[in-house]
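Chemist: Take a look at the letters that make up each chain.
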Amino acid sequence: MSAAMLNRWFGRGWLSAGYAFLYLPIVALVLYSFNDSPIPNVWRGFTLKWYVALANDNEMLSGFWLSLKIAFFTACGSVVLGTLAAFALVKYKRFTGRTLFAGMVNAPLVMPEVVVGLSLLLMLVSVQRAIGFPERGMMTIWFGHLLLGVAYATVVIQARLHDLNPQLEEAAQDLGARPHQVFWLVTLPMIAQSLASAWLLTFTLSLDDVVLSAFLSGPGATTMPLVIFSRARLGLNPSVNAVATLIVFVVAGGSVAASYLIARTERRRQQEMAAAFRTPSPDPSPHAKEESTT
Amino acid sequence: MNLASRFASVLRGRTAVIGAPYLWLLVFFLLPFLILVKYSVAEMEAVQPKDLIQFKDGLLQLTIKLSNYVFITQDELYYKTYLSSLKYAGATTFFCLLIGYPFAYFMARAKATIQPALLMLVMLPFWTSFLLRVYAWKGLLSNDGWVADLIIGAGLDQVLAALGIISTPGKLMNTPFSLVLGMTYTYLPFMILPLYGNLSKMDLRLLEAALDLGATPWTAFWTITVPLSKAGIIAGSMLVFIPCVGEFVIPELLGGPETLMTGRVMWDEFFSNNDWPLASTLAVVMILLIIVPLALFNKYQAEAQERRT
Numbered sequence: 001m002s003a004a005m006l007n008r009w010f011g012r013g014w015l016s017a018g019y020a021f022l023y024l025p026i027v028a029l030v031l032y033s034f035n036d037s038p039i040p041n042v043w044r045g046f047t048l049k050w051y052v053a054l055a056n057d058n059e060m061l062s063g064f065w066l067s068l069k070i071a072f073f074t075a076c077g078s079v080v081l082g083t084l085a086a087f088a089l090v091k092y093k094r095f096t097g098r099t100l101f102a103g104m105v106n107a108p109l110v111m112p113e114v115v116v117g118l119s120l121l122l123m124l125v126s127v128q129r130a131i132g133f134p135e136r137g138m139m140t141i142w143f144g145h146l147l148l149g150v151a152y153a154t155v156v157i158q159a160r161l162h163d164l165n166p167q168l169e170e171a172a173q174d175l176g177a178r179p180h181q182v183f184w185l186v187t188l189p190m191i192a193q194s195l196a197s198a199w200l201l202t203f204t205l206s207l208d209d210v211v212l213s214a215f216l217s218g219p220g221a222t223t224m225p226l227v228i229f230s231r232a233r234l235g236l237n238p239s240v241n242a243v244a245t246l247i248v249f250v251v252a253g254g255s256v257a258a259s260y261l262i263a264r265t266e267r268r269r270q271q272e273m274a275a276a277f278r279t280p281s282p283d284p285s286p287h288a289k290e291e292s293t294t
Numbered sequence: 295m296n297l298a299s300r301f302a303s304v305l306r307g308r309t310a311v312i313g314a315p316y317l318w319l320l321v322f323f324l325l326p327f328l329i330l331v332k333y334s335v336a337e338m339e340a341v342q343p344k345d346l347i348q349f350k351d352g353l354l355q356l357t358i359k360l361s362n363y364v365f366i367t368q369d370e371l372y373y374k375t376y377l378s379s380l381k382y383a384g385a386t387t388f389f390c391l392l393i394g395y396p397f398a399y400f401m402a403r404a405k406a407t408i409q410p411a412l413l414m415l416v417m418l419p420f421w422t423s424f425l426l427r428v429y430a431w432k433g434l435l436s437n438d439g440w441v442a443d444l445i446i447g448a449g450l451d452q453v454l455a456a457l458g459i460i461s462t463p464g465k466l467m468n469t470p471f472s473l474v475l476g477m478t479y480t481y482l483p484f485m486i487l488p489l490y491g492n493l494s495k496m497d498l499r500l501l502e503a504a505l506d507l508g509a510t511p512w513t514a515f516w517t518i519t520v521p522l523s524k525a526g527i528i529a530g531s532m533l534v535f536i537p538c539v540g541e542f543v544i545p546e547l548l549g550g551p552e553t554l555m556t557g558r559v560m561w562d563e564f565f566s567n568n569d570w571p572l573a574s575t576l577a578v579v580m581i582l583l584i585i586v587p588l589a590l591f592n593k594y595q596a597e598a599q600e601r602r603t
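Those protein sequences? They're chains D and B, same order as listed.
So that you can map any letter, position 25 of the first sequence is 25 in the numbering used here, and since no number is skipped, the others follow by simple counting.
Adding 294 to a residue's 1-based position in the second sequence gives its number in the numbering used here.
Chain D extracted, bound-state conformation (with noise of 0.2 Å):
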């Protein structure tokens, strides 16, 4: 055999022993999940009798519905402030305070989510002590989430903004276009797919949060990780591989499928873009041969 013969088994001997690797638990949760067996390691025939107990079990259906408001709530919250905190640093190269800004939009997504739910929870009760508000619960769950999701948003809205023509915009400010217009009409429709991203990411985190949630619940309002999370901490659950694989098939499924309905949207609209200026003109402009290039 060949050098570059035997390199390229060897690549694809490491692609697929890696892959394995990532996708090794999630197939054993999901198999377990149908396994009539009380000792979860032991196979013992096919049942469904774990997603019966699932449908009586309260406790971790009231904890699905508080993480879904949760996540929703801090998608929305956080697609918006990351649209804005992308603009701001994007559009505006100088403010003050502007690396403070950016190392603020950053921080959350490499600090240790324990010292972020601690210092938030110590401020909330300070706060709470001086004007009896806010109540630890879903608004407070909801107010951590939203830091982690605001950072997450940003970074990808951010990397959409950039690769923006701005010509485009400038095009339609000098036909006449109102700044919030030019926004309206012209940048959201571009940066759409990556708010959609965006969006579809910080729902999956927030659904997902242990830490922060832990820190920053109350009595009465715990989340479905919180649930998971203690029934695991006490052993192997066969409850637990059931919502797993409910979450892998709903949550994951229904992502991909939208990250996919997402990713063709885009690519018809940037073909389309790439049709709109590939039509002659008399005087093209050095962006526009720039692009037919590229």
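No lab work stands behind these hints: they were computed from the structure.
Accuracy of the hints is not assured; some may be wrong.
Said to hold, decoys possible - Derived CB-CB ranges, DEER-like:
hint : chain 1 : residue 1 : chain 2 : residue 2 : range
1    : D       : Ala263    : B       : Met338    : 51 to 57 Å
2    : D       : Val52     : B       : Ala448    : 55 to 61 Å
3    : D       : Ala257    : B       : Ser461    : 53 to 59 Å
4    : B       : Asp497    : D       : Val52     : 37 to 43 Å
As the list claims (entries may be wrong) - With a straight-line cut-off of 25 Å between C-alpha atoms, the simulated DSS-like cross-links for lysine-lysine are:
hint : chain 1 : residue 1 : chain 2 : residue 2
5    : B       : Lys359    : B       : Lys381
6    : B       : Lys465    : B       : Lys381
7    : D       : Lys93     : B       : Lys593
8    : B       : Lys332    : B       : Lys344
9    : D       : Lys91     : B       : Lys593
10   : B       : Lys405    : B       : Lys332
Here a beta-carbon is modelled for each residue, glycine too, at the ideal position from N, C-alpha and C.
Take the given structure of chain D and dock chain B to it, following the hints.
Modeler: Coordinates of chain B only, in the frame set by chain D:
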């Protein structure tokens, strides 16, 4: 609309665009952090920290209590915890790089048509719950689990025991092994993605030139590919190392009593011992530990963004 009022309205728009997220971050990120620092150095009055600066009898008093900081340097447990957190985070970064670099390399050199699919497959696990994927390892590594059977069947548990990574052969769960495996698994995509982004943009003509000039593929790899991917290596390593230092969920589910992690110790001080000032002190020290890698990461991020514009 005259020019002046139009200019004013643009300025107002600018203020709102910058101001809203700025204010949000000041209130929900910076202020909580300052309160955290205050809790760690303030004298406690019942459950509330006293003001650091007080005006009493015509005197301005500044009270700072450093006993918590002194305490954690004197108690061996905390010192050991920080050290072992750094050790496990470092080991995780090493294994992520070891698995992730060749992975990203072969991804970037695969046929251009299948690269989007390969990338999608790396990101897919992100969409399924992180908590549940960590929980799954509990099953895979406990007695009779698939991976445990595989490792024990191959006799690798004897090797791990001989290296001192697990204490008794045959028991893989709740050991440093299961902890580092779980963290490597969770953070591997964070290593692969920046490396892939970097390696896929590399100018392959440089490699051709090196080969034409007589370099072996191996020399070309080490003298051209690796140095050129330095930025990706740094970004990936920081994205793995920093969150690992303060990780809580994975040590709690996969670690054991011997695997001390600072996130977990801080959690216990807060939730079990209700010692808020000590928990705050531990959190502040945790940030001091990661501040150098954090600065490195931010510098790289800023440079990457500048290059794009």
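Chemist: Can you list which hints this structure breaks, lowest number first?
Modeler: Numbers 2, 3, 4, 5 and 10, in rising order.
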